[in-house]
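Colleague: So you can see what is in the structure, the chains are spelled out below.
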Amino acid sequence: MSLLELDQVTKRYGAETLALDSISFSVQPGEFVAIIGPSGAGKSTLLRCINRLIDVTSGDIRFDGVSVPQLRGPALRRHRTQIGMIFQHYNLVNRLSVIENVLHGRLGYKNTLQGILGLYSEEEKREAVRIIETLGLSEQMYKRCDQLSGGQKQRVGIARALVQQPKMLLCDEPIASLDPSSAKVIMDTLQEINRSTGITVLVNLHQVDVALHYAERIIGVNRGRVIYDGPPHALSNAQIYQIYGSEAGELILDLKERYAA
Amino acid sequence: MQPDAFFRRRRLQSALFFIAIVAITYGGMVLTQFDLVQGLGIIPRAFAWGVVNFVPDERAWARLPRILEKLQETVLVAVASSTIASIFGLGLALLGANTTRPHPWFSLPARAIASVFRNIDVSVWALILLFSFGQSGFTGFFALFFVTFGFITRVMVETIDEVGIEPVEALRATGAGYAAIISQSVIPACLPQLISWVLYMIETNIRSATLVGILTGTGIGFLFDLYFKNFSYGSASLVVLTTVAAVLIIEAVSNYIRRTIL
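In order, the protein sequence lines correspond to chains V and E.
Counting with the numbering used here, you get residues -8 to 252 for the letters of the first sequence.
Counting with the numbering used here, you get residues 504 to 765 for the letters of the second sequence.
Everything labelled a hint here was simulated from the structure, so no lab data went into it.
Incorrect hints may appear among the rest.
Each computed SDA-like pair below joins lysine to any residue, with the alpha-carbon atoms no more than 25 Å apart [stated by the list, open to error]:
| hint | chain 1 | residue 1 | chain 2 | residue 2 |
| --- | --- | --- | --- | --- |
| 1 | V | Lys158 | V | Leu44 |
| 2 | V | Lys134 | V | Arg117 |
| 3 | V | Lys134 | E | Pro695 |
| 4 | V | Lys134 | E | Leu765 |
| 5 | V | Lys134 | E | Gly667 |
| 6 | V | Lys134 | E | Ile668 |
Which bits of chain V does chain E cover? Going by a derived footprint, with three or more residues having C-beta under 8 Å, they are [as the list claims (entries may be wrong)]:
| hint | stretch |
| --- | --- |
| 7 | 69 to 77 |
| 8 | 80 to 88 |
The beta-carbon is built from N, C-alpha and C at its ideal position, and this holds for glycine as well.
Let's have the full structure, built from the sequences with the hints guiding it.
Modeller: Structural data, given as structure tokens:
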């Protein structure tokens, strides 16, 4: 059974803008999927519809057998706890320490009072420490997040998602604000998590070469429609051109050189 | 147009403008029978009179305990009204800010309420409240409360929106509830600014409280009014001096707190 199923998902902003145009695909447990496409193609909207940060206009999303668009209140919160999200701008509370930010990943499991007071169990704290150590942030554990580098911040973001013990990670342009070497560390980390724990990873990417290198499957999106859905090796330059439209001339040249090398 | 003609017109405009200002000023002086020479001449005499009459005399020093007691009362009212109003102001700001409002409809009413409370001056509030509470400490308390409430709401709406939606979005994605998102992400992110603004309002309110006291017949303002109208200028002066000292001390303390938390 697939973990995630999208069926004719459509999102409209106002009367004019069609962000997602009847998108359908399904994701199996343990897959590493990259969604590629130009800016404004609807990639971010697509991810946010899956954990309902954005409501879909029509169509159905089924996650782990549950229909997502109708979820309300506690059921919606329970749904969100099963999906970790990683953001382009890390979205940390900069004034708080690394471990406090990581523990925020547990808030979905708390009742109102525990949530307000930030009461975490010993076990949760130990788990948070373990994840922080795995991601190589032991020395930063009690530092404030505004003292970290971009790559370190993104690892805190990953730790916060992992401490949720999610079934799936949604990564929205996780390396778009990072330098190449930090970007490699982050992508390697995501791949390692996917391989060792079997957590499904759905990652929005700008960089086609990164997507081709890491993903087992590519979904190409343009103007809210799926243009390509298949393995990376079957993705032709013509199809990349189609996904990115006319703006991709240089990009394609780049890729050709890469393939030649 | 030729450059010459352009600059001639410019000079003419400047000259006319200058003449108009002089005419308005002179007209005003004639209407109010203000004599500039006499006005300036009076300044040294005013100083001399002040030095003679506003030096606290022996009677004034005897009244010091009573003055300090009233000063303490005034400072406490200012602190209490500032802090309590800030709590309510923060609550309304959370409803009004774009990133934390429960529904888009909340934004406009919240901002409108803040605007009304803030734009009515503290002395006007005191006069309005005199009708409801008479000459009691409540009038002053609520006058300061309302202005602080409006001010804190306004600045915190801006602060919350400035801190940004990113951490809020991240916590929503983890499944956290509204109350947890506010207390774990919005409040920690805004706390330094909040404390800084509350301290600022306490400083401002101690100054305002003195004036409000004159209107409402309470606290240190009442004492000043009483002594001044009884021609006990020395005692009135001591009231002013202790108030200035209190304001300076409070400002020093709040600057220290600000440096420590920021």
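Colleague: Taking the hints in turn, state whether each one holds.
Modeller: Right, here's what the structure says about each hint:
{"no.": "1", "hint": "Lys158(V) x Leu44(V)", "in the structure": "holds, 18 Å"}
{"no.": "2", "hint": "Lys134(V) x Arg117(V)", "in the structure": "holds, 18 Å"}
{"no.": "3", "hint": "Lys134(V) x Pro695(E)", "in the structure": "holds, 18 Å"}
{"no.": "4", "hint": "Lys134(V) x Leu765(E)", "in the structure": "holds, 16 Å"}
{"no.": "5", "hint": "Lys134(V) x Gly667(E)", "in the structure": "holds, 21 Å"}
{"no.": "6", "hint": "Lys134(V) x Ile668(E)", "in the structure": "holds, 23 Å"}
{"no.": "7", "hint": "69 to 77", "in the structure": "holds (count 7)"}
{"no.": "8", "hint": "80 to 88", "in the structure": "holds (count 8)"}
Checked against the numbered hints listed earlier, the structure breaks none of them; every hint is satisfied.
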